Amino acid sequence: MSYHWNWGIFFQLSPDGVHTYLSMLLHGTVWTLVTGICAWIIALVLGSIIGVMRTVPNRWLARIGQYYVELFRNVPLLVQMFLWYFVFPEVVPEAFGDWLKQLPDASFYTGVFALGLYTAARVAEQVRAAIGSLPRGQRLAGLALGLTLPQAYAYVLLPMAFRIILPPLTSEFLNILKNSAVALTIGLMELTASARAMSEFSFQVFEAFTAATIIYIIINIIVTFAMQALEHRVAVPGYLGRAPSTGH
Amino acid sequence: MFANFDFDVIIRSLPYLFYDGMRFTIMLTALATAGGIVIGTLLALMRLSGFPLLTLPAAAYVNLMRSVPFVLMIFWFYFLVPYIGQWVIGASAPIQVGAFLSSLITFTLFEAAYFSEIMRAGIQSIARGQVAAAQALGMTYWTVMGYIVLPQAFRNMVPVLLTQTIILFQDTSLVYVISVTDFLGAASKVAQRDGRLVEMYLFAAVVYFLISLCASQAVRQLQQRIAIIR
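Here the protein sequences come in this chain order: L and Y. For what it's worth, our numbering labels the leading residue of the first sequence as 1, then goes sequentially. For what it's worth, our numbering labels the leading residue of the second sequence as 1, then goes sequentially.
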């Protein structure tokens, strides 16, 4: 028995009777992108706050930041998803738990939340490393000029730190898009789940996975190019290798 | 919150969780790490060889593996491995591959891409003059690699390789998607059988957390030790 290829399968109707398999996969792609982007907003904001917390002189803030990172980095993402989806509604007050369970698209909200908190720990490490890599004198000079500590962060340290971590942040953003596939375990119909469903309905396993693979690669290429363009735009002349090449 | 928390279900299922589940997880982690480092090192050597016939396929493979979700790759290999087996041994039908072997092949091939990036960085961290000196002494490519470059590259990268192994250990939980009984799979089966999701998933999280935390602390200490010696 050998495998029967059928690339025409994408234009056949899926079992819902309305959409073709191709549009089913594209729906999945949209869910992947929406989940990834929403989770990214949480990860970036929370990760930056925690990363900064780990570098401030206040020891308690630094310790809280450290605990957060250790906690969220040392539990597998899949287990975290299960905790938010199955365990969290049971341990909060009953009324709130019931409300959570009845939410429409609960797996989407849970997925976004879990992915965001998980990735925040990784973003925090990048932010902390970037702030740590800046010359000590920049912070001291800022403070000596009379800036308050928040001002020194806002005007001196963070603008450079975020430029330094643009490349690792790009990989984290790509990671969050890839990791959104883990949310299929709690029922989110993102791209991988759509490909899996298509393979189960149509038995055209390899066509479905090939299509999903190609879509992921295209997303990767687009994001990588967009981030390179951004890196190029915000580069500070004389710093960080990639200075703007177009002369004045 | 712990009013109707049933600790007994955890204690009752401990043998199943650890003997069936954790053994699978640890075996998969150890074997996939070993295989991944070997294949990853070969991929790194291919990428650094300078022959387009070797660099391009290796680069394409690594970039492909790194741009798709692990879950998708697990599905890919789950369906693909029987056909590859059929092709390799020339059987008339796709061969039956056990859950362990199938996951092992998936993890080895997937993690090889990540290990190859680490080994590539390790090899590139060796001073060029060492290679030139070895070649001037008349050593062949494999002697230079085997006695000069790889031992040092490997040693420099041990902390990073171990960190990647901890990530791999956590990633093994993803075999859940093909219903394999690893540690999380075992916990999940007990959870669903006894209706004790809260207890089992919290317990699983605690176990993963403690193992990963201890391992990463150990790596940190090792890193400091190596730093002092050099």
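Keep in mind the hints are simulated off the structure, nothing from the lab. Nothing here was measured: the structure is a model prediction, and the numbers come from that model. In this text, a Cβ means the ideal position worked out from N, Cα and C, and glycines have one as well. Some hints could be false.
Here are the computed distance ranges between Cβ atoms for each label pair [to be verified]: (1) L/Val-45 with Y/Gln-224: 32 to 38 Å; (2) Y/Ile-84 with L/Ile-217: 18 to 24 Å; (3) Y/Ala-93 with L/Glu-94: 52 to 58 Å; (4) Y/Arg-155 with L/Ile-217: 32 to 38 Å; (5) L/Tyr-155 with Y/Gln-223: 56 to 62 Å; (6) Y/Leu-210 with L/Ile-221: 37 to 43 Å; (7) Y/Ala-34 with L/Arg-163: 54 to 60 Å; (8) L/Trp-99 with Y/Ala-34: 44 to 50 Å.
Do the hints match the structure? See the list:
1. Between L/Val-45 and Y/Gln-224, the C-beta spacing of about 33 Å keeps the proposed range 32 to 38 Å intact.
2. Distance hint for Y/Ile-84 and L/Ile-217: a CB-CB separation of about 22 Å, consistent with the stated range 18 to 24 Å.
3. Taken as a hint, the range 52 to 58 Å holds for the pair Y/Ala-93 and L/Glu-94, whose Cβ atoms sit roughly 54 Å apart.
4. Separated by about 35 Å at the C-beta atoms, Y/Arg-155 and L/Ile-217 satisfy the suggested range of 32 to 38 Å.
5. Range check, L/Tyr-155 to Y/Gln-223: Cβ separation about 35 Å, and the 56 to 62 Å hint is violated.
6. For the hinted restraint 37 to 43 Å between Y/Leu-210 and L/Ile-221, the CB-CB distance of approximately 40 Å keeps it satisfied.
7. With their beta carbons about 39 Å apart, Y/Ala-34 and L/Arg-163 fall outside the hinted range of 54 to 60 Å.
8. Evaluation of the 44 to 50 Å hint for L/Trp-99 and Y/Ala-34 yields a pass: the beta carbon distance comes to about 48 Å.
In this structure, the hints that do not hold are numbers 5 and 7, in rising order.
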